[in-house]
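Asker: Hey, can you work out the whole structure from these sequences and the hints?
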Amino acid sequence: MAYIDNSDNPIGTTAEARVEDYVALLKPRVMSLVVFTAFVGLVVAPGVIHPVIAVISILCIAIGAGASGALNMWYDSDIDAIMSRTKNRPIPAGRISRGEVLVFGVVLSAFSVGLLGLAANWVAAGLLAFTIFFYAVIYTMWLKRSTAQNIVIGGAAGAFPPIVGWAAVTGTVPPESLALFLITFLWTPPHFWALALYKQSDYGAAGIPMMPNVAGEKSTKLQILVYSALLAVAALVPSILGFSGWLYTAIAVVTGALFLYFAVKLYRTTESVEMRKAARGLFTFSLSYLFVVYLGLLADNLLMRFGGFVS
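Residue numbers (this note's numbering): 1 to 311.
Rather than coming from a laboratory, the hints here were simulated on the basis of the structure. We put the CB at the ideal spot given by N, CA and C, even for glycine. Please note: incorrect hints may appear among the correct ones.
What the hints assert, rightly or not - Straight-line distance between alpha carbons at most 16 Å, and here's what the computed EDC-like set of lysine to aspartate or glutamate pairs gives: (1) Lys-199 with Glu-217; (2) Lys-87 with Asp-21; (3) Lys-218 with Glu-271; (4) Lys-87 with Asp-202; (5) Lys-144 with Asp-202; (6) Lys-144 with Asp-78.
Said to hold, decoys possible - Between beta-carbon pairs, the in silico distance windows are: (7) Leu-302 with Tyr-261: 49 to 57 Å; (8) Ile-82 with Leu-102: 14 to 22 Å; (9) Phe-111 with Ile-240: 33 to 41 Å; (10) Asn-88 with Leu-302: 24 to 32 Å; (11) Leu-302 with Ser-32: 42 to 50 Å; (12) Leu-230 with Val-292: 13 to 21 Å; (13) Val-273 with Leu-303: 25 to 33 Å; (14) Gly-99 with Gly-216: 38 to 46 Å; (15) Pro-46 with Asn-88: 41 to 49 Å; (16) Leu-241 with Val-103: 41 to 49 Å.
Answerer: Here it is, written out as structure tokens:
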């Protein structure tokens, strides 16, 4: 494998790029959740889509999400080199040049949007293009380093995939798909602020105005609690709108109550070590929360559609 010229890398080193480095640029963990929420949106949407078109649509959304991750790493390579959880990413580690990552991200973006438009429809493609733009430009280049509300506003980028999946089937953006957007949107702040609470030193060293570093721990804990309560309510909207049954409702109630439990536990902590422990507990639970909620909606919908056991 050829060696990469990393003359424009902030570390200034030269190393061999590996296949896994290119995979890492796509942020596969983040991509997996994006793909799953998009898949649920696609399956839950009313209407019929050819299985091949469905597979291509999900693949395009995955590639678009990966492109966003690559563009994020391209722009953030300077601060990634400072933070402990990101310093081993391909660019700060000196294995791939910034210029190469930029080209990689742009090409993947154009390919995913173009293919989705040709295979499914241009409404879905336009939404995917906007999602990539929002994450790479609005969030990464603007909000992330300029405001403590970066995660609140920027969270919209991660909330769009189920809308894109829904639009791939119907070519529309109805209230039902917006309900899925709302769940992910409200999940994002408590998820990332919990992480920021026990990674304050990292964000502070990198100069990123995360909520705990700007507003303090007490204010952050209160806002986490408020968003967690709003999330618990928003998770019931699919039931209110009538595109889910009792199975999903039960899952939404239980998981929402657990999310609130961890948020209240965090809010009540006063000692620093306990606070970091509680923040890590909430963050860990939040990782599985969104997957469980969307899985519940998927299972509920499939049972209603094919089994007739859920009403």
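Asker: To test your reading of the hints: which numbers does this structure violate?
Answerer: Going through the list in order, the structure violates hints 7, 10, 11, 13 and respects the others.
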